[in-house]
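> All chains should be modelled from the sequences, with the hints used to inform the complete structure.
Those sequence lines, one after another, are chains E and Y.
Position one of the first sequence corresponds to residue 1 (the working numbering), numbered consecutively onward.
Position one of the second sequence corresponds to residue 1001 (the working numbering), numbered consecutively onward.
If you are wondering where the hints come from, they were derived from the structure by calculation, not from laboratory data.
Quantities reported herein were computed from a predicted structural model and do not represent experimental measurements.
Do not rely on the hints blindly, as some may be mistaken.
Unchecked claim - With a straight-line cut-off of 16 angstroms between C-alpha atoms, the simulated EDC-like cross-links for lysine to aspartate or glutamate are:
no.	chain 1	residue 1	chain 2	residue 2
1	Y	Lys1190	Y	Asp1226
2	E	Lys150	Y	Asp1226
3	Y	Lys1143	E	Glu120
4	Y	Lys1190	Y	Asp1248
5	Y	Lys1221	E	Glu152
6	Y	Lys1143	E	Asp170
7	Y	Lys1195	Y	Glu1228
8	Y	Lys1211	Y	Glu1041
9	E	Lys150	E	Asp28
10	Y	Lys1113	Y	Asp1248
11	Y	Lys1195	Y	Glu1117
12	Y	Lys1113	Y	Glu1096
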Amino acid sequence: MNAPHIPMLPGFADPVDDGQRVFRALLDALARPGTVRQLPGLQVSLPRVPAPLHVAAGAVLLSLTDFETPLWLQSPGGELAAWLRFHCGAPLVAEPGEARFAVIDSPATMPPLSAFAQGEPEYPDRSATLIVQVAGFEPSGLRLRGPGIKAECCIGIAGLPAGFWRQRRDAQAHAPLGVDLLFVAEQAVLGLPRSTQVTQADEDKEN
Amino acid sequence: MNTIAGYNFAYLDEQTKRMIRRALLKAVAIPGYQVPFGSREMPLPYGWGTGGIQITASILGRDDVLKVIDQGSDDTTNAVNIRRFFARTAGIATTEKTEDATIIQTRHRIPEKPLSEQQIMVYQVPLPEPLARLEPREAVTRKLHALADYGLMHVKLYEDIARYGHIASTYDYPVLVNGRYLMAPSPIPKFDNPKLHMNPALQLFGAGREKRVYAIPPYTKVESLDFEDHPFSVQRWEDPCALCGAEDSFLDEVVLDDAGGRMFVCSDSDYCTTRQAAGHTGSQSPVAKEAA
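Here it is in structure tokens:
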């Protein structure tokens, strides 16, 4: 009741154009997996988002979520929850499996990928999209193949827990079911749809 | 051109755009799978490209340059109206030049000029379900897609061969996307099917009445169904285009008089006019006629 009043952070400066620009970048990110793209114009349109979100994660949520998309947060903080309720209107759910979108801010302690909605054989689109906040992107470490990639492309993603890629590879046995991943770091996004095959450059050994 | 007041940018409201955008992202993630979406009523009837228009409205930005073609032509009624619709409701630039466009909405053709990675194709689709004519129940076709059981379609193609000696589909020729989903490429001529394969551009498909969107990401394997002893092949014409002399384009037959006169001309109007401007001529070109 007497909690100090924290003014709520604003959403997009221009919801129509900013939302469209972010969406086009995401469409491109999922259509061309493995390419890192900076979301355009965020310094102006979305200078700040509530912790622990990265700016790009906030922009993805503002452009894609609304009352139709149950959302699961790994760290459902008060300010963040209030910001999302006000700007997106997305219902926050407690069970990862009920969410259409999920925000992972600490991949080291994230639930297994199989905890999220994988879709149904007749409706593989009824699956979760995971926004995973990572430390950053590197030029190598992973080899990607699949739709959207001309031959093969190399990329590295910093800050994922050991075993993540094996987990994802195991999940691909259920293709075309599976979750789609959007890795974000500050203002950058990298898309990894379920259709992309990932192998680790230093293969063989574990993970 | 000034935009019409009282409408949101590109006509659709933001919540509708978000819903279509989410469907499109899933469509890209599952190449060839038909994602259901809440198709809205548009200010033109179903069958006039409402699926394509809703996709275009959802992806369009102020910097985009839009080209709209109808059977390859920029100047038929459907193309002119849709281009004008977006010029009025979004105030965006439009073009007839394939290479200048960032978004190309099409009814039943793929431009002859190769597309680039910076372009998005938007197809208007009347019937998104390739199995619909063989199995009318959606509950069943969904199950067949889930099981990747496409025997029905192979039997249909086989019966064509048994009956006519060749596969008789010349348009909307079924394809297998990324080795998984059977997909209707919309009623493009089978001449265009090879362009679907490993295309650098993102290809989006929208069916307004049937409320489905689907996609082929760039550089994705797209195979036209066939048999080892009856391989897929495309149409060929004996004569080149009568106006520009092109031998590599899809030709339309144009009746000239009531005495059996006819000519074959490029269906892609931009391709044909570009070639004519570059000095190429055909048998019916004004220049060739004068010389004769």
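> All hints are to be evaluated individually against the structure, with a verdict given for each.
Do the hints match the structure? See the list:
1. Y:Lys1190 / Y:Asp1226: Within the cut-off at roughly 12 angstroms; holds.
2. E:Lys150 / Y:Asp1226: violated (25 angstroms)
3. Y:Lys1143 / E:Glu120: holds (11 angstroms)
4. Y:Lys1190 / Y:Asp1248: holds (14 angstroms)
5. Y:Lys1221 / E:Glu152: With Cα atoms ~14 angstroms apart, Y:Lys1221 and E:Glu152 stay inside 16 angstroms; holds.
6. Y:Lys1143 / E:Asp170: violated (24 angstroms)
7. Y:Lys1195 / Y:Glu1228: Roughly 21 angstroms between the alpha carbons, so the hint for Y:Lys1195 and Y:Glu1228 is violated.
8. Y:Lys1211 / Y:Glu1041: Status holds; Cα separation ~11 angstroms.
9. E:Lys150 / E:Asp28: holds (14 angstroms)
10. Y:Lys1113 / Y:Asp1248: holds (11 angstroms)
11. Y:Lys1195 / Y:Glu1117: holds (14 angstroms)
12. Y:Lys1113 / Y:Glu1096: holds (12 angstroms)
Figure legend: structure checked against the earlier numbered hints; hints not met, in rising order: 2, 6, 7.
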